Amino acid sequence: MIKTISSIILIVLISISSVYSQGRVTGNFVTEGQYYLQDSSIGTTEFPKQVAVQGFLNVRYHIDDFEFGIRYEAYRPPLLGIDFRFENSGFPFIYGTYRSELLDVTAGNFYEQFGSGLILRTYEEKALGVDNSLNGVRINMRPDDGVELTGIMGTMRNFWTQSDGIIRGAKGKVYLDQYTDFFGDNGVSVEGGIISKYEEDQENTYNLPENVFAYFLRSSFIANSFSLDAEYSYKINDPSAVNNFSYNTGQGLLLSGSYFTDGLGISVDFHRSDNMDFRAERSATGNVMNMNFIPPLSKQHTYRLTSLYPYATQLVGEIGMQTEITYKFDQGTTIGGEHGTTVTLNYSRIQSIDSNKVDDFTYTSDFFAFGDRLFYQDLNIEISKRWTEDFKTNASFLTQIYDKDVAENGWAPIIGKVTSNIAIFDATYRLSETYALKMDLEHLWASQDSVLKTADFVNGNWMMALFELTISPHYYISISDEYNYGNKFVDHRVHYFMGSFAYVTGGTRMQMSYGRQRSGIICVGGVCRFVPASNGLYFTVSTTF
Amino acid sequence: MKKIILLLALGLFAVSCDVVDEPYLQNEKTIGDFNKKVILLDFTAINCVYCPNANKVSQSLADSYGEKNVILFGAHASTLADPKKPEDVDMRSETSAELFSKFATPTTGLPIGMINQKLRDGVRLMNFGLWDKQIIDESFLEPDLDLNMQLTYNESDSTVSITVNCDYINKGTGDDNLCIYITEDSIVSPQKNNNEVIHDYVHNHVLRASVSGTFGEQLKSGGADAGENITKEYTYKIPEGFRHTNYDL
Chain Z
1 MIKTISSIIL
11 IVLISISSVY
21 SQGRVTGNFV
31 TEGQYYLQDS
41 SIGTTEFPKQ
51 VAVQGFLNVR
61 YHIDDFEFGI
71 RYEAYRPPLL
81 GIDFRFENSG
91 FPFIYGTYRS
101 ELLDVTAGNF
111 YEQFGSGLIL
121 RTYEEKALGV
131 DNSLNGVRIN
141 MRPDDGVELT
151 GIMGTMRNFW
161 TQSDGIIRGA
171 KGKVYLDQYT
181 DFFGDNGVSV
191 EGGIISKYEE
201 DQENTYNLPE
211 NVFAYFLRSS
221 FIANSFSLDA
231 EYSYKINDPS
241 AVNNFSYNTG
251 QGLLLSGSYF
261 TDGLGISVDF
271 HRSDNMDFRA
281 ERSATGNVMN
291 MNFIPPLSKQ
301 HTYRLTSLYP
311 YATQLVGEIG
321 MQTEITYKFD
331 QGTTIGGEHG
341 TTVTLNYSRI
351 QSIDSNKVDD
361 FTYTSDFFAF
371 GDRLFYQDLN
381 IEISKRWTED
391 FKTNASFLTQ
401 IYDKDVAENG
411 WAPIIGKVTS
421 NIAIFDATYR
431 LSETYALKMD
441 LEHLWASQDS
451 VLKTADFVNG
461 NWMMALFELT
471 ISPHYYISIS
481 DEYNYGNKFV
491 DHRVHYFMGS
501 FAYVTGGTRM
511 QMSYGRQRSG
521 IICVGGVCRF
531 VPASNGLYFT
541 VSTTF
Chain B
546 MKKIILLLAL
556 GLFAVSCDVV
566 DEPYLQNEKT
576 IGDFNKKVIL
586 LDFTAINCVY
596 CPNANKVSQS
606 LADSYGEKNV
616 ILFGAHASTL
626 ADPKKPEDVD
636 MRSETSAELF
646 SKFATPTTGL
656 PIGMINQKLR
666 DGVRLMNFGL
676 WDKQIIDESF
686 LEPDLDLNMQ
696 LTYNESDSTV
706 SITVNCDYIN
716 KGTGDDNLCI
726 YITEDSIVSP
736 QKNNNEVIHD
746 YVHNHVLRAS
756 VSGTFGEQLK
766 SGGADAGENI
776 TKEYTYKIPE
786 GFRHTNYDL
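In the order they appear, the protein sequences are chains Z and B. Under our numbering, the first sequence has 80 at position 80, and the numbering climbs by one with no breaks. Count along the second sequence from 1, add 545, and you get the number used in our numbering.
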């Protein structure tokens, strides 16, 4: 029924756009698929369907003060690592928006974020298999200059159904600098919001809160060369599967300060989150129906081997700090050379919160105390240098400590901490107006606390090489190999060869790759998912219009 | 102005708030009469830090509803069940491993359990917070067959003679398999619990072995008719190394 209605809406939208030429249609289309080959030497999981294909199409129609949109999705079945509950096809996202000077009204599906997301952040990230859009009503108002008010109500997407929980919320933001000259040219704003989630208590063991309330307060100060940002959130007791039915309240605090001047940038961040996991259904686990988001406190690395031990924010609780210093050596100086050199030094350290169990349901925790357990530490330096107009390099060195048991094993004592050092050298040389060659060499040295008893595919030293030829403006050809030559189990010292070809024209990109993909963890903004090893042919086509 | 009032009204909905004070557990429940038995199979492990909490929940459910009504199996599985220290008792079994590989994946987090192998919201493996609700739902169901088991234990050669009578009330299906599992109680072995280790933890309902294979023996191809009676007989030799006390079949 819903499919039929959605199809009709889509057809109507397209018909309107063709009949009334003043309207405008925009959108995008992405499809990706993989043909999986069994490869016992890298530990692939059995995949009886052999081929996985998933795709989606967004169509938006804009006319005067209105916007209508619809998204079609199909997972037949989803790619390995994406939750199998996505296997289906249909129209999970349909909305209509009216915009005026005073207010915007959206009915249908929408995404919303309050502040940094400590009590509410809904978003879509296909790489993670995350889509927690809300289905309901949203009103945004601008009653006065520098004042923004938002009210929302809705349920959250749960694969192909909606959450049992209903989310109600409101937030307001005031730009104080627009009301008084007291702050001079500086930007000062205050922001606050509330959320209440209703979910019926259908079980018979616990006395559960059916209305869970949370709020946040934030203030920002931006001057010419520095900025300060503070945000606090609070959530009443919210026993759930993720917090092991704890009746503690939740609290989150983010503090960040940064200073920028010519060539120099310094930023310092602190955060503490305690029991702030907030879901549209209390039984949800994994990356399912998360209502909020704790911004990551460590640097989000992008190089291949840095994704072996990436840190994901621990939703149950963590406390930590990060600092980053960037300095650009000017052109003409000894270090700067002819084209300048940029050096970035970054350090982050994240530990458990200090907590003492009171009974099976509650614990106490000293707010600013660091717990005993180190979750993650990362010290890294990156030096970017352009040697000539056509030649630039990027060298990085990272030294990390990663508690694999906390991050991947549910705190079970299996591996302990992994200490790794990673060296990266990346060079790009433009051969001509058309041709450019990129080389990326990486090496990772790793050791861990425990002696490994069970063979796995990610331990010990790795090396990686990638070569990419760009033929402007259309073609990209690359080959790469990752080699776990230091695996403690000789049988698992495997090469992961991969070849890739991409063609880009206008807003369309087509890519095809063939080879082995090691098991690992994909993270986007501190939210991570596990990807099993695979071998086979991968393709993707995307286009925007 | 009207719109601002509308927005404020929307905001007011969002201040609903239920702070719960002790007691955190409920006392009264509406339950069925358990004409149909409920099997709670819990994947657990000695190195799983939240498993003692799940064990508390499963034991309290069996205590509240009766151990005859809620039958517990603790399947020690996944790499978390590997003994790490000499004092760790190895409670893994082939049966548990086969069940785990059929119903879970290597990355499935423990503790996790299934109730009568039923799907709930498309998922079979459930966190322990959902067990009670699912057991109560099952308690209202009527059985499709009556099962009766007679046991004779011969101490001299450690064999058990097992006779199972299956009286079909409703028509069965070809997928009806008879599984007979052996569990052991009162095994003392260290168990991780949050940040600590409980050295003298008592493990009950530990799934040790199966008599008729992990996934059982088919009762009748094509399915039995309503009113049909099927009798199955087994002779099972208790493996060496098993203590001859505290077992359930």
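A hint or two may mislead.
[Claimed, not checked] Partial selection, computed: residues in chain B whose CB lies under 8 Å from chain Z:
no.: 1; residue: V560
no.: 2; residue: S561
no.: 3; residue: V564
no.: 4; residue: Y569
no.: 5; residue: V602
no.: 6; residue: T624
no.: 7; residue: R669
no.: 8; residue: G674
no.: 9; residue: N739
no.: 10; residue: I743
no.: 11; residue: Y746
no.: 12; residue: N749
no.: 13; residue: I775
no.: 14; residue: Y779
no.: 15; residue: T780
Please keep in mind that the hints were generated in silico from the structure rather than gathered at the bench. Model, not experiment: these values are computed from the prediction. Beta carbons are placed, not taken as given, at the ideal position from N, Cα and C, and that holds for glycine.
Interface hint outcome for N749 (chain B) [beta carbon to chain Z under 8 Å]
Result: violated, 19 Å to nearest chain Z Cβ.
Does T780 (chain B) hold up as a contact with chain Z if the rule is Cβ-Cβ below 8 Å?
Since the shortest Cβ distance to chain Z is 36 Å, the answer is violated.
Given a cut of 8 Å on the nearest C-beta pair, is the interface hint for Y746 (chain B) held or broken against chain Z?
15 Å, violated
Hinted contact G674 (chain B) with chain Z - closest CB pair below 8 Å
At about 5 Å, which falls below the 8 Å cut-off, the nearest Cβ of chain Z leaves the hint on G674 (chain B) intact, so it holds.
Please verify that hint: V602 (chain B), Cβ, nearest Cβ of chain Z, below 8 Å or not.
Holds - the Cβ of V602 (chain B) comes within 8 Å of chain Z, reaching about 7 Å at its closest.
Given hint N739 (chain B) near chain Z, where the shortest CB pair must fall under 8 Å
7 Å, holds
V564 (chain B) as an interface hint toward chain Z, with CB separation required under 8 Å
5 Å, holds
Hinted contact R669 (chain B) with chain Z - closest CB pair below 8 Å:
For R669 (chain B), the interface hint is violated, since the closest Cβ of chain Z sits about 12 Å away, which is over 8 Å.
Holds or violated: I775 (chain B) as interface residue toward chain Z, Cβ cutoff 8 Å?
33 Å, violated
Quick check on S561 (chain B) please, does its C-beta sit within 8 Å of some C-beta on chain Z?
Holds, about 4 Å.
Holds or violated: is there a CB of chain Z closer than 8 Å to the CB of V560 (chain B)?
Given a least distance of 6 Å, the restraint on V560 (chain B) holds.
Quick check on the hint: Y779 (chain B) CB to chain Z CB, less than 8 Å?
Where the cut-off is 8 Å and the nearest Cβ of chain Z is about 32 Å from Y779 (chain B), the hint is violated.
In this structure, the earlier hints numbered 7, 10, 11, 12, 13, 14, 15 are contradicted, and the remaining ones agree with it.
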